[in-house]
Amino acid sequence: MADATTLFGRQAVLDSLPDHPAAKAILAWNPQALTDAKFDFNELTLTISPEELRAACATLQAAGYNFFEDMTAVDWFPASPRFQLSYHLVSHSLKERIRLRVLLEDADPAIDSITPVWPGADYYEREVFDLFGIRFEEHPNLRRIMMPDEWKGHPLRKDYPVEGYR
Amino acid sequence: MSHLSTMPVLEPAEGAKDQHMVINMGPQHPATHGVLRLVLEIDGEIIVRIYPEIGYLHTGIEKTCEAKFYHQVVPLTDRINYLDPLSNNLCYALAVEKLLDLEIPEKAQWMRVLLAELSRLNSHLIWLGTHAMDIGALTVFLYTFREREDILRLFEAVSGQRMMTSYIRIGGLALEPPLDFLDRVQAFIRIFPEKIDEYSNLLTGNPIFRNRLVGVGHLSAADAIALGVTGPPLRASGVDFDLRRDMPYSSYEKFQFQVPVSNDCDCWARYAVRLIEMRESVKIIQQALDGMPEGAVKADAPKIVLPDREKMKTQMEALIHHFKIVTEGFTVPAGEVFQGIECGHGQMGYYVVSDGTAKPYRVHMRYPSFATLQALEVMCKGRMLADVVAVIGSIDIVLGEIDR
Chain A
1 MADATTLFGR QAVLDSLPDH PAAKAILAWN PQALTDAKFD FNELTLTISP
51 EELRAACATL QAAGYNFFED MTAVDWFPAS PRFQLSYHLV SHSLKERIRL
101 RVLLEDADPA IDSITPVWPG ADYYEREVFD LFGIRFEEHP NLRRIMMPDE
151 WKGHPLRKDY PVEGYR
Chain B
1001 MSHLSTMPVL EPAEGAKDQH MVINMGPQHP ATHGVLRLVL EIDGEIIVRI
1051 YPEIGYLHTG IEKTCEAKFY HQVVPLTDRI NYLDPLSNNL CYALAVEKLL
1101 DLEIPEKAQW MRVLLAELSR LNSHLIWLGT HAMDIGALTV FLYTFRERED
1151 ILRLFEAVSG QRMMTSYIRI GGLALEPPLD FLDRVQAFIR IFPEKIDEYS
1201 NLLTGNPIFR NRLVGVGHLS AADAIALGVT GPPLRASGVD FDLRRDMPYS
1251 SYEKFQFQVP VSNDCDCWAR YAVRLIEMRE SVKIIQQALD GMPEGAVKAD
1301 APKIVLPDRE KMKTQMEALI HHFKIVTEGF TVPAGEVFQG IECGHGQMGY
1351 YVVSDGTAKP YRVHMRYPSF ATLQALEVMC KGRMLADVVA VIGSIDIVLG
1401 EIDR
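Note that the protein sequences, when read in sequence, are chains A and B. Note that the numbering used here has the first sequence beginning at 1, numbered continuously upward. Note that the numbering used here has the second sequence beginning at 1001, numbered continuously upward.
Treat the hints as calculated values from the structure; they're not laboratory data. Think of the CB as a built atom: it goes at the ideal place given N, C-alpha and C, for glycine as much as any other residue. Be aware that a few hints might be false.
Derived, one-sided and incomplete: chain B residues facing chain A with beta-carbon distance under 7 Å [stated by the list, open to error]:
1) Pro-1105
2) Ala-1334
3) Arg-1366
If you want the ones that stay clear, here's a sample from chain B, every Cβ over 10 Å from chain A, calculated [what the hints assert, rightly or not]:
4) Gly-1015
5) Ala-1226
6) Ala-1371
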């Protein structure tokens, strides 16, 4: 299924890749949770609505995407919704990687932690909490990880100067 | 499986205040391989909890990347995992090339494989030397650093730098390798398998080394996957997965090699897996030397790849392109990509987001040690304090890549 085409939009992806195991698993579970999709650079990106993320991860884990590889955020300031969370999952059996994308609004950004599904997301979520100021509900230990505990601000936000405040 | 320990204050758990003690290991401790601070709760000499406190080396490289042109990020990548510099360069270059849809000449791809494997050997040699030294076998360190010196000389020959190579660039390699480079690599590869035997003779049969490693630091396959462990520790837990073979990049699919896997799940298995991996790397380098294609080492993309010095002095266009690339950078089409590679420590990944300008909008690095460190507590819980040193050595972490 890895052809070099570029597909934008939920319908386009579902029409062209009806048998993709990730898309299939999400549709069988809750079609409403999948709000957008794209396939470019040979990578599949599924946009999931924020409140459904943890359940989507559990669904994909059961569908063979057993390995949580990476998770980070992108700040699209001043656009709205401001924050994008990107989760990268790998399937050891399918030898394939997918990306989950979640969009969050600027005001008090928060989302369910996926540590109940993959405990290994612990440090990654702490890092995003520290550097972007996004809260993860039910995270077991949501403390700063890179910056000192008393640090003010979140350095990887786009409105934080590269040289810092002096 | 339980979550990782949360230890916000330096106090023993409720109800155990009389028996338990909290101590610090690091940040300045030779066995923590950098500036890692471990807060340990111990009951006598038995580990109850471990809380790794990281961030002492945090320099905000991801933020710095956002203020640099795409080609200026390459030297930053060397400094993240300074023991495996060419893999860093490679991973970043592959990610940006994916965004640019750039075709890389075959010779550059094969050279990249050769250099990435030399870099892996470099990383494994430091691991072996320091791991053995932590456990008390000081001699091995001197032996492995002798061969590491040979590898660093090769890096110097090819890039002018021993450690911060920045040799793999967006679009290919920085320069043609020197004429005798491949012969020098061949000479090194010819003697290196004997050296691996030498290390193995010093350690594999050594009863002290065995006793310190066998059965220590047990990490089951389920725990390893749940905690995001990759690379040799994952394969030593019985999971047969290697990005070089399973999701190949930079023409790794053209090379034949074995992926060592062990089901023992302990420190000894990690030692054994890495030792075999070194031998497999030698095979890959030999194949790269034997089949090295002819041709250019840079892509034909004058607006992205810096021109040769000679052309710059003789051709007007080359001079203009050079000036443009250095002063304004080059724009990269908007989009997001993730490129994963297998480096010495495990799965490395670069997530690059472009907004269509000459500077990356966001660069995120997934480094294997960051996730592997999470597994430390699972491996050490209920064991002796001295085993922590053995386990840290066996998971081969580098704090530069954890803190970034």
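Now for the hints, and whether the structure bears them out:
no.	hint	verdict
1	Pro-1105	violated, 19 Å
2	Ala-1334	violated, 10 Å
3	Arg-1366	holds, 4 Å
4	Gly-1015	holds, 20 Å
5	Ala-1226	violated, 5 Å
6	Ala-1371	violated, 6 Å
In this structure, the earlier hints numbered 1, 2, 5, 6 are contradicted, and the remaining ones agree with it.
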